[in-house]
Amino acid sequence: DSGVTQTPKHLITATGQRVTLRCSPRSGDLSVYWYQQSLDQGLQFLIQYYNGEERAKGNILERFSAQQFPDLHSELNLSSLELGDSALYFCASSTSSGTDTQYFGPGTRLTVL
Amino acid sequence: AQSVSQHNHHVILSEAASLELGCNYSYGGTVNLFWYVQYPGQHLQLLLKYFSGDPLVKGIKGFEAEFIKSKFSFNLRKPSVQWSDTAEYFCAVISSNTGKLIFGQGTTLQVKP
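Residue numbers (our numbering), protein chains in the order written: chain A, 13 to 125; chain B, 82 to 194.
Don't read these hints as lab results, they were simulated from the structure. You can trust all of the hints, since none of them are fake.
SDA-like cross-link-like pairs, simulated, lysine to any residue; straight-line CA separation at most 20 Å: (1) B:LYS130 <-> A:GLY15; (2) A:LYS21 <-> A:LEU95; (3) B:LYS142 <-> B:ILE93; (4) B:LYS193 <-> B:ILE93; (5) B:LYS181 <-> A:ASP41; (6) B:LYS130 <-> A:THR111; (7) B:LYS181 <-> A:ALA68; (8) B:LYS139 <-> B:ASP166; (9) B:LYS142 <-> A:THR113; (10) B:LYS150 <-> A:THR111.
Generate coordinates for the entire structure from the input sequences, incorporating the hints supplied.
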């Protein structure tokens with residue numbers, strides 16, 4: 013158990029819908045990262061927040077957004093969902109914003125029908 | 082472009098065989114290197130990491146990796162694999178220039194009992 017928690021574990025929804033994925037970092041970690049894992053794209057970095065502020069952006073679509081709240085939990089919002097958004101979404105956390113070790117949560121499996 | 086390349090996509094070994102998984106990266110500047118393992122249906126777990134110092138690092142479960150700076154490589158090794166090592170293995174690199182953790186495509190290891 014890494015100490016990073018994610019909810020829900022599974023999510024099934026329809027195209028065009030919007031969902032919110034939630035992540036709580038390890039105690040004391042200030043950075044939260046979101047990743048998408050799919051068969052064709054592998055593990056892709058989406059976005060990083062550090063202490064409430066966006067720190068780095070990766071291959072995140074405009075339909076996706078994230079935020080980090082004062083209690084340091086983070087939410088990833090996915091809207092206008094498409095079939096191709098079906099994937100595993102992982103959250104990771106680290107102590108700082110730099111090159112520290114990232115510890116991963118159990119992931120949310122999103123299925124878009 | 083910055084990238085991480087894992088040479089083997091699928092490796093099949095018998096128990097007690099030795100394992101070496103290749104990983105090369107193309108980055109400038111200072112890098113931190115990681116190997117993560119993902120057991121079937123589970124999240125990513127840190128196997129080992131290299132930040133600085135002795136280029137031969139030892140991780141959990143008998144795994145080790147060697148950082149060869151001149152070859153931009155960070156190969157993972159284990160002298161004798163077990164059936165329980167069946168999993169997907171990811172090499173990942175974070176550069177001080179970008180601060181983004183970039184993953185290789187992953188190697189699926191299947192160990193036959």
